[in-house]
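J.: Sequence order for the protein chains is A and B.
Per the working numbering, the first sequence starts with residue 181, numbered consecutively.
Per the working numbering, the second sequence starts with residue 95, numbered consecutively.
Please keep in mind that the hints were generated in silico from the structure rather than gathered at the bench.
No experiment lies behind these values; they were computed from the predicted model shown.
Every clue listed holds true.
Some chain B residues flagged as far from chain A (calculated, every beta-carbon gap over 10 Å):
(1) Leu99
(2) Lys101
(3) Ser113
(4) Asn150
(5) Gly162
(6) Arg166
(7) Ala180
(8) His322
(9) Ile386
(10) Tyr396
Covered stretches of chain B, going by a simulated chain A footprint (3 or more residues, C-beta under 8 Å):
(11) 167–176
(12) 182–195
(13) 360–369
Ranges of calculated distance between the beta carbons of each label pair, as one might list FRET restraints:
(14) A:Ala313 <-> B:Asn150: 21 to 29 Å
(15) A:Asn359 <-> B:Thr108: 36 to 44 Å
(16) B:Gly188 <-> A:Ala313: 41 to 49 Å
(17) B:Phe262 <-> A:Gly573: 42 to 50 Å
(18) B:Ile231 <-> A:Asn286: 56 to 64 Å
(19) B:Gln229 <-> A:Ser526: 46 to 54 Å
(20) A:Val539 <-> B:Asp265: 34 to 42 Å
(21) A:Asn286 <-> B:Gly188: 25 to 33 Å
(22) B:Phe262 <-> A:Glu472: 49 to 57 Å
Where is the CB? At the ideal position from N, CA and C, for every residue including glycine.
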Amino acid sequence: MNKKIISVLLAALMIFSLCSCGKDKGSERKAANEVVIGIAQDLGDSLNPYQMTAAGTKEIMTNLYEGLYKVAPSGDYVPAVAEDCNISEDGTVYTFPLRQGVKFHNGKEVTAEDVIYSFKTCLEISVDSSLPAVLQSADVKSEGNNIVITLSAANNDFLAYVSLVYIIPEGYSAEAATNPVGTGPYKFVSRSVQESIVFEKFDEYWGTPASIKKVTCKIHENSTALIAAINAGAIDLVPHLTLDQVAGIGEGYDVLEDSMKLVQALYLNNAREPFNDVRVRKAICYALDIDEILKITAEGHGSKLGSSIYPAFSKYFDESLVGMYPHNVDEAKRLLTEAGYPDGFSMTVTVPSNYTPHVNVGQVIVRQLQEAGIKAELKEIEWNSWLTDVYSGRDFDSTVSGFDASTLTANALLARWTSDNKKNMIGFKSERYDELIAKATVETDDAIRTQLYKEATRVLAEEAANAYIQDLAEYTVINKDLSGYTFYPLYRIDFTTIYYK
Amino acid sequence: MKYVLKKAINLILTVVLVSFLAFCAFQIIGDPIARMLGAEATPEKIAQLREELGFNRPVMTRYLEWAGNFLRGDMGISYSYKLPVAEMVLPKLGTTVALTLMAFVLTCVASISIGVFQVRLKSARIDRLMTVANQIIMSIPPFFIGILFTCFFGLVLHWFTPGYFVSFKEDPAGFFGYLFLPAVSIAIPKISQCVKMLRSQTGAELEKDYIRTAYSRGMNTGFAVNYHALHNAIIPVISFLAVSLAEMLASCIIIEQIFTIPGIGRLLLSSISSRDFTVVLAIVVILVIWVIVVNYIADIIYPLVDPRIKVSK
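Isolated chain B (complex conformation) (with noise of 0.2 Å):
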């Protein structure tokens, strides 16, 4: 209990400190009423407009009335859309999260599988190959994977349409289908990590001496690896995707542009360059949520996984 106690207060304090970072950055690049009135502006109107949404008053008013509003569950109205905040970000959330869970979930399934495999190689030539090529594959970032991706399957072999994306609403399968290959960009970087920290894990439990008892007791090697170096090589691993599922949502904010997705990423952008505060503050605290959350999710999973973790420290 005195745990998730701990947690909530270190969650409450990071929403406070980086909103209140994102909403005092705001004050430096300037306010939306330029924009919001066009080019025809009438210098009465912007003093008007910017009296009538109160960009006259002090920077740590503003910020308190914000976040009550904000914990009364009123995430505000868009400048620019004139629409309540929660009702445009929270439909692109969905969005964005299928896209990190898809990426998520292939990153699991693929790297576990993959360094298994390379762990129970009997060629060392193959192994190394494996190593060199996974080492390659690790430094290419995801918006690159992306773009390759995008002329490859979109514009080369007509596998897909860029930009045609489809909502969940509409077609399920077609909502999925578009995301696949963003996700395959993001979890690609993350399954040659995961592999290469597997492989050397493993390898490293491999050569203990309760593996060799193990195998003097007639045990073979695809027991031993996966009942016995596995379990204790996954503990580590378990943490990197933890942070890699924190991350991979920054990811998202990226590929979204590259493959034209409508999620939390494009509108954070759009809303950053139009000035749009209230839509950027919900988005930076949503993000923010969302990695906390993710890394007390990890801290949960390690004592179930391993009973020596206790999390009462």
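If we strip away everything but chain A, and leave its shape as in the complex, we get (with noise of 0.2 Å):
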């Protein structure tokens, strides 16, 4: 009798596990309009709008928030809760006339109250480490219906910041990080912690309406379940995945080739020794191959630098100093013998271990340190604790990292390698370096400025402040029945692009 009892369960478990599989759930989602996004990383910090530190927080939660300005496909910043932007002539004085009609989420309207409770929230309380500092100059009043910001110096990159202050309604900070509510073209509807978080398309939306009902972010921490769930066709969007997650992906599916926007480099202690010498760095520098480390980690995918501009910044890169250094182990022996150093030194190569695109590198770069006669050792650590040692602590020789921007200024890839910078973690010193990033800063006519920034990326080139590596290709794997993904020059997904064909 107990036979037959198990054999009966076992039957209908059987059957259980094999319905949750056959079903084309692809379709089903085509005729609800709905669209599933795989995210290889949990949501793990706030929502609150002021508190996300995550770049995958972040890219996805801007679909529910907005700012006064916010960025556009092409890297500017365009009008979103404010109409228009009136800079007085010596650009300290901004006026933003209010959009009329603009609704958040919860139905209300907003008023010059909710911009002004949301820049004083956020200066605050953001963990942004230089939002605050503009903010703190920033003297916002309403006139009307108008917003009027009195800045206390010129600065160029003000609009940018100001994308970076979501609007949120009147007294709703505490709240935000359980309920969000923004302006933006999808409000929230639930979020499961480690399994999804679920947005529904904004009706009452001021701009373009989107065209996709439901967005569900599914999160897979684990790559292969990751792959899996595509080739399954559960999913219908991943965004930066690396070449070999794509190879495995079946029909279906279309990818794209992007960047990760992010300045990979062999950073170096420039306060350390040996490293002080700018013989040693350029040596460093003429002893890694670029091209074999494109070659070995990406099939030669990536696209190489020369400085702390990626590509697609494009208005800032230098493509000149791109092969500036190029693969040359005498001349790497030369410049060491030149240095002191005939017999090489020792030094390690920290890499955060939960990054495996900075770890592959690291590998390539230790065996071809070793070549040019230094003796380089590979460092693993948690990434908890490169921030701490790391970045904070700045005890460390060299570490293959990459950093990217929070906002589309050259600044923010720039500004930290100014000597007195607290986040210049490489301790690079250069009165030239300094003296052209606070000139670009104040510069008001665009051309002069972008001249400017220009001259200080090729400092850092040529004084080889760190052994630039490359913007890592990553790519997004996208349902071949969806169509008009947009890529940013900075992290984002933007769900309101796309469609069903």
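Two independent chains are provided; combine them into the complex using the hints.
T.: This is the structure:
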């Protein structure tokens, strides 16, 4: 009798497990105009607009939150909650007339009070490092339907910062972490930790309405599971995949190539011996064979860099810096001898172990340095330790890592290397560089400013501040039935442009 | 009544001790501030947040405060998610408990039937073969079986999609379907252990005088096994199953990683790496309560099966 029970039970369970995979979920979703996006990391931080830290959280939540201005796919800043922006002659007074009839997801209309509250709260609780500093020197007032912001000194990047001050209803900050409300094209529906976050199209959005009705972001922290879920047709779109991952994708999907928009380099501790000697730094640059690195780690994909600007930032990217230090072991050895290290020296290459692309590149670099006579050694550390020891503690020889831009401004990538900047992890010191950045920040003429930034990037390259490697290639996989996915020059997954063909 | 009281005191003491140890462990591995604020945090911000969250105060004060809130049913707010811990943990607990219970039911049903089948076997050769096979299966850890299952059933046969977990709310059939293989992975080693135990216990009972007397009264083997030997052999098996039920919850923590099931195991591990104390402590306390309660239930069942055992000891 027992056996009968078991067999019935087992059969029942088996049928359950079989029905869970048989259905064609893809066409079901198409009929319902829904999209499932696979994301590789949990939204493991606050959803409060001013306290999001992870790039993976921000790139999704920008579908929900908007500032007075927001970034467009072209990289320009365009009006959002504000209708326009008038800047005074001297560049210190910004007047933003509010757009009429912009509604929050809770149905309330946006008022000047909400905007003032948002600026005030952002200044108080923001976890961003540069934003509060900028807001500190800004006086925000409302004049009727206008928001007038007076700066203590002109700042050409101000609109970029304005775009980070997401507008939320007055008094809503505390609740925003659990039930976010903004003015964006999508509104928050639900969130389940380590499982998913669900958004729905906001019907009263002021701008071009989105096409997709419901967007579910499914969290798959396990990469194998993510790929398997794509192949099972459970997911329509996955950003930020590597070449290896894409290789396993079956039919029914398009693969779009893009770059990660970050500056990957072998960052050198300029403040520490022997890296305080420019000849040693140059020797390291000559010792590295970037083409080989790309070939081994990404089958040749990736955009080479010459300085701290990535190519997607076309305005400031200087292509002539890319080949400044061609692979040349003899030159590297000559420079080392000249610097007093004819037999090389010992150094560690620290890498954050959770970032496979950095670890892979680190392994190739160590071998290439050894070929040039430098006794290099790879050291993998946990991400938390990387933040405390390497980034904040500056206790490292060299590290393979990547820096991205929080706003679409040259300063987001370049300002950190000025001598007294707290974020100058490598301890780079150059009077000329400091001077160029300081001048560029206050220069109002765009052409001159661009030229100054370009010169600054040249200083970084000439001084061999770091051994610059690449902006890594990355891939987005998208259901063949979908179209319209748009890349931004910074981290962003825009739901609004996607539609079913 | 005295017994219940004793158990309750036992439970409270264990919870206090374990949660305190967990609390202390976090003093060693550091706080979550750096991660909460990201790479760009300024020292002032760090100091400010540390002050806000009270990391500057002595461990004992903070522990007592946490314990006080916990008793009042307030598990605190997750540092990283900023969500109430209860809201995060309790829905996940359902998944993990469902997985554990599925594995447990499988173990009970399968091991008792296989065990009885083996005892009643006429052929000594098959009996020996089963014992050897049992010995081998017993030594395979659940996580390895899990890996084999994902490869074979997931990637080769495509019976299920590894990682494509659906929640109970979305699709109850899909939910149990997805949990089936993980539950089997957890159950298999336990089944072999249990079968071995049942086999040797019942075997020993069958040698005893009362069974011989039973045979002499004209009883057949089936009756002797089912109504006499099994009854006496089952006591240690029940205590084994009770211990297993506690262990299975621990196995879930690992199996959840392999099958990417969003249960409390995965939440526990990710919370440890993000130094999210409040979540970790809540889960640890839940695990402790689980283990103690399960053992308590086993204690209650004994006298029901065998009236000679009294709880009042």
